[in-house]
Amino acid sequence: ILQTYIDDNYNDNYYKLLDYSTQYANDASVGLMSSVSTLKIRVSSIDGRQNKELRFFIKCPPINDFQLNLVEKSCCFKKESAFFGKLFSEMRSYLLYKSIPKCYLQDCESMIVLEDLSVNGYRNSTDPLGIDLKHTYVSLKALADIHAASLLYEHKIGKTLDEICPVEILRPWFNDIKNNPGYFDNRAAAKLICKIIDKYFPFYPSNTIKITKEFLFNFSKHMQKSKKYRNVITHQDLWCNNIMFKYDNDGNVEEAVIIDFQMYGYNPPTLDLLILIYCNTDKEIRDDNMNNLIEYYYNCLIKNISKHNVNPDDIITIEQFYGSMEET
1 ILQTYIDDNY NDNYYKLLDY STQYANDASV GLMSSVSTLK IRVSSIDGRQ
51 NKELRFFIKC PPINDFQLNL VEKSCCFKKE SAFFGKLFSE MRSYLLYKSI
101 PKCYLQDCES MIVLEDLSVN GYRNSTDPLG IDLKHTYVSL KALADIHAAS
151 LLYEHKIGKT LDEICPVEIL RPWFNDIKNN PGYFDNRAAA KLICKIIDKY
201 FPFYPSNTIK ITKEFLFNFS KHMQKSKKYR NVITHQDLWC NNIMFKYDND
251 GNVEEAVIID FQMYGYNPPT LDLLILIYCN TDKEIRDDNM NNLIEYYYNC
301 LIKNISKHNV NPDDIITIEQ FYGSMEET
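Everything in the sequence shown is counted per UniProt numbering, starting at 1 for the first residue and increasing by one.
Think of the hints as simulated: they come from the structure by calculation, not from any bench. All residues carry an ideal CB built from backbone N, CA and C; glycine is no exception. Be aware that a few hints might be false.
With a straight-line cut-off of 16 Å between C-alpha atoms, the simulated EDC-like cross-links for lysine to aspartate or glutamate are [as the list claims (entries may be wrong)]:
(1) 227 <-> 326
(2) 78 <-> 109
(3) 102 <-> 116
(4) 78 <-> 168
(5) 73 <-> 185
(6) 228 <-> 295
(7) 16 <-> 47
(8) 86 <-> 107
(9) 134 <-> 295
(10) 225 <-> 295
(11) 40 <-> 115
Between beta-carbon pairs, the in silico distance windows are [said to hold, decoys possible]:
(12) 326 <-> 25: 23 to 31 Å
(13) 228 <-> 65: 20 to 28 Å
(14) 87 <-> 132: 33 to 41 Å
(15) 159 <-> 111: 52 to 60 Å
(16) 20 <-> 132: 21 to 29 Å
(17) 219 <-> 42: 44 to 52 Å
(18) 246 <-> 160: 45 to 53 Å
(19) 129 <-> 44: 17 to 25 Å
(20) 64 <-> 219: 23 to 31 Å
All chains, full assembly: derive it from the sequences and hints.
Shown next, in the form of structure tokens:
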């Protein structure tokens, strides 16, 4: 880990290891599908005149047997390790911005070591009601960067990711495999929401309620790859805790980094776009800005593609983009 960090940040082996320590995260929500800790490494310059403390973010499979069983059956840890590993290394090279954390070590069985984003001032939004318009725009910029990288990588190799990736790597969390945690998750959520509908919305037309309930129980079918439109790596878990923000000295948000790639799938980019907007903004923001947000995301997407000297229309036209949104 230390050698990789030094290679990335310095021209020579200027520092030597003094000691290191780890500290587990206390927040249970942080480590729901993994065991999370902070690694601190103290190093010294070769001449002993300068000491530094380096911090890293470590993810390991959960210790709890129940959670570990979920992770193993769903391949969550294996998926994130693959995302930061060799399989997607060339795809990540197409990123124009710091849209994902830097990875220093990944092992599909035991450990992923990432940069500690908090060292450079990144943090989650503190608003319990979601994010405002400025936070939404910088989040969409990061999301478009990731999606563009996925499209550009496929364009270069002349194959789609589902042609080169193991099935379990691109399998979404919500699926129809009966012994998979995502299947049970879908069923449990559908049952709960149906109870809420019955209690609080009995006055809705019976046919509307029936269609809604059928959709809920078949939700996983809508999370599969499109057979008609271009697919990309889709995060699929874009709630506010999986987006970290950096601010300037006046407290204005500058950029966003998307984290936690344990549940990604392979779908049209509009799936992530709509998940991010609907899961993080209130109705007023959507009513006033929905078209502008969608247009901004699309402009970021084609701008990133164009900067790599590729014609965006050779990959995804605006008609295909809006067509996939309707399908989504």
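Evaluation of the provided hints:
no.: 1; hint: 227 <-> 326; in the structure: holds, 14 Å
no.: 2; hint: 78 <-> 109; in the structure: holds, 7 Å
no.: 3; hint: 102 <-> 116; in the structure: holds, 9 Å
no.: 4; hint: 78 <-> 168; in the structure: holds, 9 Å
no.: 5; hint: 73 <-> 185; in the structure: holds, 13 Å
no.: 6; hint: 228 <-> 295; in the structure: violated, 22 Å
no.: 7; hint: 16 <-> 47; in the structure: holds, 10 Å
no.: 8; hint: 86 <-> 107; in the structure: holds, 11 Å
no.: 9; hint: 134 <-> 295; in the structure: holds, 15 Å
no.: 10; hint: 225 <-> 295; in the structure: violated, 23 Å
no.: 11; hint: 40 <-> 115; in the structure: holds, 11 Å
no.: 12; hint: 326 <-> 25: 23 to 31 Å; in the structure: violated, 41 Å
no.: 13; hint: 228 <-> 65: 20 to 28 Å; in the structure: violated, 42 Å
no.: 14; hint: 87 <-> 132: 33 to 41 Å; in the structure: holds, 36 Å
no.: 15; hint: 159 <-> 111: 52 to 60 Å; in the structure: violated, 30 Å
no.: 16; hint: 20 <-> 132: 21 to 29 Å; in the structure: violated, 39 Å
no.: 17; hint: 219 <-> 42: 44 to 52 Å; in the structure: holds, 48 Å
no.: 18; hint: 246 <-> 160: 45 to 53 Å; in the structure: violated, 33 Å
no.: 19; hint: 129 <-> 44: 17 to 25 Å; in the structure: violated, 46 Å
no.: 20; hint: 64 <-> 219: 23 to 31 Å; in the structure: holds, 27 Å
Violated hints, listed in ascending order, are 6, 10, 12, 13, 15, 16, 18 and 19; each of the other numbered hints is respected by the structure.
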